[in-house]
Amino acid sequence: ETGVTQTPRHLVMGMTNKKSLKCEQHLGHNAMYWYKQSAKKPLELMFVYNFKEQTENNSVPSRFSPECPNSSHLFLHLHTLQPEDSALYLCASSQDRLAPDTQYFGPGTRLTVL
Amino acid sequence: DQQVKQNSPSLSVQEGRISILNCDYTNSMFDYFLWYKKYPAEGPTFLISISSIKDKNEDGRFTVFLNKSAKHLSLHIVPSQPGDSAVYFCAALSGANNLFFGTGTRLTVIP
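Going down the list, the sequences are from chains F and L.
Residue numbering for the first sequence follows the numbering used here, starting at 13 and increasing by one per position.
Residue numbering for the second sequence follows the numbering used here, starting at 1175 and increasing by one per position.
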């Protein structure tokens, strides 16, 4: 498998559920990103990891909890979400944090919170 | 407030004609601009970029123009092909900071 993969592709969850989104990159990159795209809004950066260390948290609510166990994997743990959190969640990677202009994106997870 | 704006949510163009997608920005510190293309059920893919020291960059059928004084850039696709039908995102970068994206323009090329 090549590029950036994300699972699941679709997720429906209740407000009391706990779920996790997974991202995996096969590009040998060192930086990984989570973005949120809500309807009619631009992509919003949520978190940045560089060499497994979180370098940016863009004022994201604590009900979103990222985890980066190694440079190839990135998770987004979700708990007690709100309906307004329904969106497309995109993962991306780049060679390193200093090269954000060469980000490769995964296909995204379409999340619906009931 | 959005720093990168794409005011046209959609655009339809006849095959073979020119497609022009527009993007405006507000932050004068942006020094690098990119266009991404997104097909349904796929993530955005990088298409073409331009540095603020240039006013034009061309790659095959795709040309990006930058007007720094107007804080405006545009993507020209000529000739347009049905396979170009996708959502196009404009993005801007300041130094090594984060990318700021526009809301996208859906291009439909009519055969």
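It is possible that some hints are incorrect.
No more than 27 angstroms apart at the CA atoms, straight line, and that leaves these computed lysine-lysine pairs for DSS-like [said to hold, decoys possible]: (1) L:Lys1242 <-> L:Lys1179; (2) L:Lys1228 <-> F:Lys64; (3) F:Lys64 <-> F:Lys30; (4) F:Lys52 <-> F:Lys34; (5) L:Lys1245 <-> L:Lys1228; (6) F:Lys53 <-> L:Lys1179; (7) F:Lys53 <-> L:Lys1245; (8) F:Lys34 <-> L:Lys1228; (9) L:Lys1228 <-> F:Lys52; (10) F:Lys31 <-> F:Lys53; (11) L:Lys1242 <-> L:Lys1228.
No wet-lab data here; the hints were simulated from the structure.
Now for the hints, and whether the structure bears them out:
{"no.": "1", "hint": "L:Lys1242 <-> L:Lys1179", "in the structure": "15 angstroms, holds"}
{"no.": "2", "hint": "L:Lys1228 <-> F:Lys64", "in the structure": "35 angstroms, violated"}
{"no.": "3", "hint": "F:Lys64 <-> F:Lys30", "in the structure": "23 angstroms, holds"}
{"no.": "4", "hint": "F:Lys52 <-> F:Lys34", "in the structure": "25 angstroms, holds"}
{"no.": "5", "hint": "L:Lys1245 <-> L:Lys1228", "in the structure": "13 angstroms, holds"}
{"no.": "6", "hint": "F:Lys53 <-> L:Lys1179", "in the structure": "10 angstroms, holds"}
{"no.": "7", "hint": "F:Lys53 <-> L:Lys1245", "in the structure": "20 angstroms, holds"}
{"no.": "8", "hint": "F:Lys34 <-> L:Lys1228", "in the structure": "39 angstroms, violated"}
{"no.": "9", "hint": "L:Lys1228 <-> F:Lys52", "in the structure": "30 angstroms, violated"}
{"no.": "10", "hint": "F:Lys31 <-> F:Lys53", "in the structure": "24 angstroms, holds"}
{"no.": "11", "hint": "L:Lys1242 <-> L:Lys1228", "in the structure": "9 angstroms, holds"}
When held up to the earlier numbered hints, the structure conflicts with 2, 8, 9 and fits the remainder.
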